[in-house]
Structures are given as structure tokens and as C-alpha cells.
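Engineer: Take a look at the letters that make up each chain.
Number of protein chains: 2
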Amino acid sequence: MKLICTQNNFRKAVFTTERITGKQNTLPILKNIMLETENGQLKFSSTNLEIGVFMKIGAKIEKEGKITVPARLLGDFINNLPKEEKVLLEDKNKILNITSGNYSAKIKGLGAEDFPIIPKLEGNYLISLPAHKFKEAISRILFCVSVNENRPEFSGVNTYFLENKITMAATDSFRLAEINLELKNDSIGENYKNFIGEKKSIIIPFNTLSEITRVIDDETKKINIAIEENQIFFEIDGVQIVSRLINGKFPEYKQIIPKKFNTRAVLAKEDFLRAVKLSNVFADSKSGEISLNIDSKKKDLFIQAQSQELGENKTRLKADIIGPSQEVFLNPRYVIDGVNAIFSSNVAISVNNESSPVGLKAIDNKTGKVLAGYVYIIMPIKK
Amino acid sequence: MKLICTQNNFRKAVFTTERITGKQNTLPILKNIMLETENGQLKFSSTNLEIGVFMKIGAKIEKEGKITVPARLLGDFINNLPKEEKVLLEDKNKILNITSGNYSAKIKGLGAEDFPIIPKLEGNYLISLPAHKFKEAISRILFCVSVNENRPEFSGVNTYFLENKITMAATDSFRLAEINLELKNDSIGENYKNFIGEKKSIIIPFNTLSEITRVIDDETKKINIAIEENQIFFEIDGVQIVSRLINGKFPEYKQIIPKKFNTRAVLAKEDFLRAVKLSNVFADSKSGEISLNIDSKKKDLFIQAQSQELGENKTRLKADIIGPSQEVFLNPRYVIDGVNAIFSSNVAISVNNESSPVGLKAIDNKTGKVLAGYVYIIMPIKK
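First to last, the sequence lines map onto chains A and B. The first sequence begins at 1 in the numbering used here and counts up by one. The second sequence begins at 384 in the numbering used here and counts up by one.
The set of hints was computed from the structure by calculation and includes no laboratory data. Don't take each hint at face value.
[As the list claims (entries may be wrong)] Keeping only pairs whose Cα atoms sit at most 30 Å apart, straight-line, the calculated BS3-like set for lysine-lysine is:
#1 Lys269/A with Lys489/B
#2 Lys701/B with Lys92/A
#3 Lys385/B with Lys318/A
#4 Lys83/A with Lys681/B
#5 Lys652/B with Lys12/A
#6 Lys682/B with Lys106/A
#7 Lys406/B with Lys277/A
Keep in mind it's a predicted model, so treat the numbers as computed, not measured.
Take the sequences, apply the hints, and build the full model.
Structural biologist: What follows is the structure, given as C-alpha cells:
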């Protein structure tokens, strides 16, 4: 291999592929990035066996070839180079020579022949979504994914592909979030109808979606998605990411979401968030719970926490309340997570009784009505 | 105790005192802040037995009293309160009631009678220095302090008090930094002459100086210093900090600093820093060293590192060189630390031979001459 490329492109490709490498020492080659000339371009690939990534950049190629080099070393080196110079690459006896201006390095590599094969998309992409809408949707549900390894089906986001929308949901069995993403006609590929005919629901691993949200930056326009043989493929502005899917059956959660609520309290999101954070200071010890007390006579919401060891606290906030008075006990962290996933200036707290799921909902700033398309519910702590 | 104060003052006092509390569980009261009414003000104090701090704020006192409460809980609570409200404090049965607007808490405290006594300054301050000059000087030497507990005299900054300057030095025996701070006439207290007559040199603990630099903020004007009975006292805009001094004799380091150097290379600081950081990427493994090669014929400086495992790198930089060619091996981290403590745009690398200390010096941007007042030397690695 012998070639010249811009340092800017090189840097971007290293940073994109560096993240998706193996961290364990059992298979050292997974810590490497593969560099490979292909059709007049330089292709970068890396994998941790769960996720794989490809990215190509323009290059002036003098001699074809391929080599794998340690990702972190390459990244640290590139990160310290002065910007806006070309980079010259040449390999010799499994050593990669890099030169940029007065700066040069010889990096010891490993043979490309031992690098694992990363699955490639055979067909076409099924759907195409606005990248920022997708990223925002992920951010509103991903925090609910469980890290419990005994229940692999909880360790990812369940995704239903429907005719004109996709529905994504995540739960750790204590709380659940669900979001809908509309599909416009021009974002649906030719094969999509056949696909939803045969297989409609998949579970995408947490890490995969977490990486996807990192790859989407301010300039990203769209994300393409395809599914083939238990693998999901994403394409984000020239970066291709492939990931295994999680085997297992996501719980039938639809019937857990209450169809209607008896009591609803609407108040300013920031005030509510602050009160819950204050209570969280006191709930942080053994009890780990706060109480929400909706007083429908006084039109007050009380947020309280008590700790044998630390003391107690109480906040009274005015709220628009419909329905009877209620008291529920909740994990304050779940409440904070949910409020942070609501982007409107007001929030609705919806309660049926002390043991039924509590809903947090966004309120349309203009109409004052509940915004559809996003559900977040928390199981109360039974006393 | 019953009083009202502004939340802003309360917050500032909690944050200042919260940092200096005990972290271990052996003496739980050290995790508390003492609140105490005194002469129409509310006094906050905390200590970790090595350092103590006092701060007073204005308050409308209805009833005198004192109580100690957990610093972290108080800080977390205050941190989440909405700003610009008054705070009401009242204690009852060792519980502190705090109310601010609609937000309230009861915090379980411990009796003030068990709180350790923090030494108080009996006399006057000896000297007064511009706070930012002091903070900058500390930042240029503090990183050399050794964390080696076997040599307590290395775990602080040696400070010589001289007639018209103080000289501060720190070393971990591998590198050494020394800085001079001039004393102007109006910054010297009445007793200073007597003081330097009897005791001229002290060792101030690393943690103490580290806290001092945190307390000095953009608005701080000056810092007052006094020494009494193995304690050092600082006063920074109403915050009083007292610390024990380190017993022990700081090494006689003056004779280690070369009086003159045979070879000097001057070059742009940023270029040199970048080259050393690049070499550090490769030196990071077993060898842990880089070589500086001053070629006085070609007027080139070569920065190189080699690693059996990773590979090697090399940078060539043009430099103004006086004296014969040299090659020295250095720990790249020590070089990076030293360059970061130099604020001029050019840096001078001064070398006598492969085994004598190497100096890094600031260069006056206008005259091109070496700036006096700051010394940083590194012991080379012998081959």
C-alpha cells in the first residue's frame, strides 16, 4: 500500500472507526483498524464482533494493499498532528509508515488476513429517515434499556416496522418509553412492503444505537436502514454500520400502558424537575423513593422525600389538576429521566391509583393539550 | 439559631467550606459544616484536620445558636434551589430547618460541641500579594510536588521568605521548579522583618495550595499570609484558610540547578509541545522516554521515541541553536508539564551533557532573551 490523502479525511475516518473496536485482550486484532485500498479509495473498517463499521475516503493511490494497525495508537498520533497537511501512508513488512509534514511514525501492524469478516449489505436499504429526528427519538427512549444481562431481550430497543411508521420501545421493567417515527412516502424503499409482510419486529442492541447517535453530527442529513439475516445495517453520510440483532421476544407491553388516567396534574417542567432533584438529594439513601401528592382541592402538588439518616424535604408547587387527589411513591431517578426526555415547557403527571403505572407527558405549548407520539410510564413503589 | 440570609451568600459559603471536609468515615463530624451565629453574622467552618476554613456572611439573626450539618447534603440541596430567594434557617433538636420559597428541608445535624477546634490567627498578616500572581506562580510549580508518602518533605512547596521576595520550589527528585514572587513595600506587614529574622523557610502542603488556587476566582484581588506555630494562615476576600505546615527539611536544591548551559535551542513552543506529545504516544509503553537531538550543524531539533511493541516516531523542527550538538533522553511527561508552565511563545531547551539537568525556559517575546524568575529542570534518563 502506498497512498496520499488529506489529513482531515484521515482523521475523521480514524475517529469514526476507532470507537468500534474490541476492548478485550483475548483477540488483539479487534483493537486494530483495517486500512485497505478499494476502487481508488482508502477504506477503514473496524469491529468488536457485535458491531462493525466501514468508511471510505478519497486517496491518491500509488500502490494497492491492506494492513491493520492499533486504533488507539493511530488515533492518538493523528490527534496530535498539526492540521491541514496531507498524509502519506506506506506499508512495509507489516509496518505502516505515516508522514505528515515534519512529523512521521512507523506503526507496527498485524496482517490483514486475520481480520474478521464484517457482514456486507446484499440488497438495498429499506427506509430512510431524517438523521436528527432519529437521533432525538433514540435519546428519548434509550435510557430505559436495562443493563441486566439475564434478560437479553431487555438490553435493546424493540422496533416495530409498520406501514407508515416505526415504533420503538425500551424498558427495564420498572419504566417504559415508546416513541413513533412517521415514514413519509419518499423515505420508503421498494422492498419495504415485502419486508413488513414477513418480519415486523426486531430488537436493536443498546450499544449499536448509542454509537449511531454519536456518528450523527450537526451536518448529518439522513440515515438509511436495512435488515438482513439477523443483522441491521445503517448508512450515515458514507459511514456504514452493521450490528447483530438481539434474539429473544420483547415483552408484550402494550397492555401495561393505561388507556386513560383518572388524575392529571400539569405544571412547569423546570419547577417540577427542580423539586424532584431536591427530593432526590434526600431519597438517595436507603429508602430511594419520593412521594408525589396531588391535592385536587388545594390545586397543589407536593413532592416529598424522607430519610432516617439524612432528614426530609418537601416542596409545594401549584398545578392545574383534573380528577381526584392521589399519592404515589416513585423512584426519583426514573422521574428525572422522564422529565428530561420531555421537551415542552409544561409536563403532565398522570395517575390512576397508587399501584398503577404513572405517566409523564409532554404538553403542546400552544394548545395546552397532551402531545401524542411519545409515552413514558413508571411503575410506582408499592407500600 | 434562627436567621435569614440571602441564598446567594449562603450558597457561596457552603461551596467554599464544603470542599474542605473529611472524606473518611472514622470521624463523621468532619463531613459536616459548622454553622454558627457570631457578631451579627453567620459563620461557616469546616476542616479535614489538615486544613480548616472559615467564612462569614451577613444575616438577620433572630436567635443565636450553632449546629453542624452534612456538607454534601447541604451542598446538593442548595445547588438545586431556584436562585434569588432568601433562605430561612432554624435549628431544633439538632435538626436544621431550611426554607427557601416553596422549597423546604429538615437536615439531621450533629452537636456543635463535638466539632474540632480550628486554629485562629492571633497576630497580624505578614504579607499581602496580588491573588492572581500568586495563583499563577503556584500553577507553575505545584505539578512537581511528589506524591511519595515516604518523603513528606517532598509533598509540599518549599517557601523561602526573603527581604523583598518569596521563593517557592517543588520537586519530586526527577524534576524541579522554582519561582520568585517579588514583595513590594506596601505588601509587607509590620512584623515581617522580625519574622524573616527568626524563621525563613517553610513547606506548605500540596493540598493546601491546591485549595487556595480554587478559592481564588476572577474577582479575587489579594491574598494575605501569616505564619504562627507551625500553621499557615491565608485570607482571601473574607475566606480564612489555615493549614498545618510540613515538618522536615527540604533538599538543598540550589546546587543542582546548572549555573550555565553549553547548548541552547530556541523554537516555537506550540511546535515543540506537539512533537513531544506525538512522541509520548509511542513512549507511553515500556521505555517511557523520548530523545531530544540537537543538531547544531543543521540547526535542527529531532524529537524521537521508540517502542518495541508499538513502533517509533520522529519529528524534525528548525531551531535557533547555540553551542555544540547534544542528545538527551527524557521522560516526555516531564517535558510536557514544563512546556505547559511556560507562557511565552518561544521556549529555550538548555543542555550541558547527557547526564546533567536539562532546563526549559521562557523567552521574552520582545527581546528574545531568557526570562528570569522561573526555573524548570529535568534530570535526563541515563543510558
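Engineer: Please go over all the hints and tell whether each is borne out by the structure.
Structural biologist: Structure-based check of all given hints:
no. : hint                   : verdict
1   : Lys269/A with Lys489/B : 25 Å, holds
2   : Lys701/B with Lys92/A  : 29 Å, holds
3   : Lys385/B with Lys318/A : 28 Å, holds
4   : Lys83/A with Lys681/B  : 26 Å, holds
5   : Lys652/B with Lys12/A  : 27 Å, holds
6   : Lys682/B with Lys106/A : 24 Å, holds
7   : Lys406/B with Lys277/A : 24 Å, holds
Checked against the numbered hints given earlier, the structure satisfies every one of them.
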